[in-house]
Amino acid sequence: MNLAAHSASMAETIVFAILSAGVLVGGLLTVTRRNPVSAVMCLVLTFAALAGLFATLSAHFLAVLQILVYAGAVMVLFIFVVMMVNREESTPIARQGLVTRAAGVLAAGYVFYRVAWLVSHERTLPLLAASATPPVKDFGTVSAVGALLFADFLFPFEAISLLLLLAVVGGVMLTRHVREDHSSRVS
Amino acid sequence: MPTYAYILVSLALFFVGAAGVLLRRNVLIVLMSVEMQLAAGTLALLSFSRALGDQKGHVFAFFVMALAAAEAAVGLAIVVSVFRTRRTASLDEVNGLKG
Numbered sequence: 001m002n003l004a005a006h007s008a009s010m011a012e013t014i015v016f017a018i019l020s021a022g023v024l025v026g027g028l029l030t031v032t033r034r035n036p037v038s039a040v041m042c043l044v045l046t047f048a049a050l051a052g053l054f055a056t057l058s059a060h061f062l063a064v065l066q067i068l069v070y071a072g073a074v075m076v077l078f079i080f081v082v083m084m085v086n087r088e089e090s091t092p093i094a095r096q097g098l099v100t101r102a103a104g105v106l107a108a109g110y111v112f113y114r115v116a117w118l119v120s121h122e123r124t125l126p127l128l129a130a131s132a133t134p135p136v137k138d139f140g141t142v143s144a145v146g147a148l149l150f151a152d153f154l155f156p157f158e159a160i161s162l163l164l165l166l167a168v169v170g171g172v173m174l175t176r177h178v179r180e181d182h183s184s185r186v187s
Numbered sequence: 188m189p190t191y192a193y194i195l196v197s198l199a200l201f202f203v204g205a206a207g208v209l210l211r212r213n214v215l216i217v218l219m220s221v222e223m224q225l226a227a228g229t230l231a232l233l234s235f236s237r238a239l240g241d242q243k244g245h246v247f248a249f250f251v252m253a254l255a256a257a258e259a260a261v262g263l264a265i266v267v268s269v270f271r272t273r274r275t276a277s278l279d280e281v282n283g284l285k286g
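Taken in sequence, the protein lines are chains A and B. Here my numbering is used: the first residue of the first sequence is 1, the next is one more, and so on. Here my numbering is used: the first residue of the second sequence is 188, the next is one more, and so on.
Hint data in this document are derived by calculation from the structure and do not stem from the laboratory. Just so you know, not all the hints are guaranteed correct.
[What the hints assert, rightly or not] These stretches of chain A come out as covered by chain B in the derived footprint (C-beta under 8 Å, 3 or more residues): (1) 11 to 18; (2) 149 to 156.
[To be verified] Calculated Cβ distances over 10 Å to all of chain B for the following chain A residues: (3) SER7; (4) LEU57; (5) ALA130.
[Claimed, not checked] Between beta-carbon pairs, the in silico distance windows are: (6) LEU127/A / THR275/B: 27 to 35 Å; (7) THR275/B / VAL25/A: 40 to 48 Å; (8) ARG274/B / VAL37/A: 38 to 46 Å; (9) GLY240/B / HIS177/A: 23 to 31 Å; (10) TYR113/A / LEU254/B: 46 to 54 Å; (11) MET10/A / GLU280/B: 23 to 31 Å; (12) TRP117/A / THR275/B: 25 to 33 Å.
Bear in mind the structure is a predicted one, so any value in this text is a computation, not a measurement. The beta carbon of each residue, even a glycine, is placed where N, CA and C say it ideally should be.
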């Protein structure tokens with residue numbers, strides 16, 4: 001029994017290591033690719049591995065949504081725009097203003113180091129050490145999250161639908177070809 | 188796995204995205220890095236949600252996902268319309284609002 005529990009936690013650790021390595025390697029490859037098409041493909045790897053991490057957090061509904069919305073719809077949108085706008089860069093990182101940007105990255109790296117140090121240092125706190133199975137039944141299933149979404153969070157849910165409508169209309173407005181009005185277009 | 192491991196992965200992904208936003212000049216890759224940062228935030232929400240045993244975090248993660256989809260749609264529309272007028276996708280060449 002103890003051995004079985006131990007091997008189960010071992011398997012959990014291995015799955016977590018593989019998935020988080022997929023997330024981080026995919027992310028690093030995305031920001032270093034010269035060709036935007038390969039960057040999109042690496043981002044798909046990141047989001048797919050992230051969906052796996054969501055599933056290990058017993059967030060099944062969000063894991064499925066992650067695959068459908070991000071790895072599916074949003075990435076297809078990106079691929080379309082990459083095909084329209086594809087210009088391969090000669091240098092992925094421009095020289096112009098490099099000092100300022102490098103300072104920004106160093107500052108961000110320092111913040112990352114401090115926060116990561118804090119999280120690892122305080123890992124015995126009950127909130128950060130918790131790994132037990134969730135106390136709520138049906139945790140993270142479609143019915144449980146959906147019940148919450150349509151009861152307590154009905155107004156924000158409707159507001160989000162309005163936001164999505166605005167995004168659709170805004171996207172159409174921004175990309176519409178105006179043929180009559182040539183004077184306002186910058187050449 | 189304990190929650191802090193997930194939080195560390197989320198932090199690392201967020202800062203990989205931040206480095207992409209700060210360093211890259213291709214507007215498409217900058218948008219992808221922003222998406223990555225939003226996804227890292229979602230991971231943190233979900234891991235704290237499990238640690239607290241409270242599913243409200245899942246609802247907020249859902250909202251973040253919808254927001255990210257809207258942001259991608261509008262951002263890519265702006266990229267397309269800028270590309271039409273200026274024939275470029277580099278942030279160094281699009282500086283018309285710079286004082």
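Taking the hints in turn, this is what the structure says about them:
Coverage of the stretch 11 to 18 of chain A by chain B holds. Counting CB-CB distances below 8 Å, 3 residues qualify, and the rule asks for three or more. Note: the stretch 149 to 156 of chain A has 4 residues with beta-carbon separation from chain B under 8 Å; the three-residue rule is met and the coverage holds. The beta carbon of SER7/A is kept farther than 10 Å from every beta carbon of chain B, the shortest such distance being approximately 15 Å. Interface exclusion of LEU57/A from chain B breaks down, the closest Cβ pair being 5 Å apart, not more than 10 Å.
Distance check on ALA130/A: its Cβ comes as close as 4 Å (rounded) to a Cβ of chain B, failing to clear the 10 Å threshold; non-interface status is violated. A C-beta distance of roughly 47 Å is found between LEU127/A and THR275/B, which places it outside the suggested range of 27 to 35 Å. Judged by the Cβ atoms, the range 40 to 48 Å given for THR275/B and VAL25/A is violated: they are separated by roughly 30 Å. For ARG274/B paired with VAL37/A, a C-beta distance near 19 Å fails the hint of 38 to 46 Å.
Between GLY240/B and HIS177/A the C-beta distance comes to about 52 Å, which lies outside the given range of 23 to 31 Å. As the Cβ distance of TYR113/A to LEU254/B is approximately 28 Å, the hint placing it in 46 to 54 Å is violated. Between MET10/A and GLU280/B the Cβ separation comes to about 53 Å, which falls outside the hinted range of 23 to 31 Å. In this structure, TRP117/A and THR275/B break the distance hint of 25 to 33 Å, their C-beta atoms being roughly 41 Å apart.
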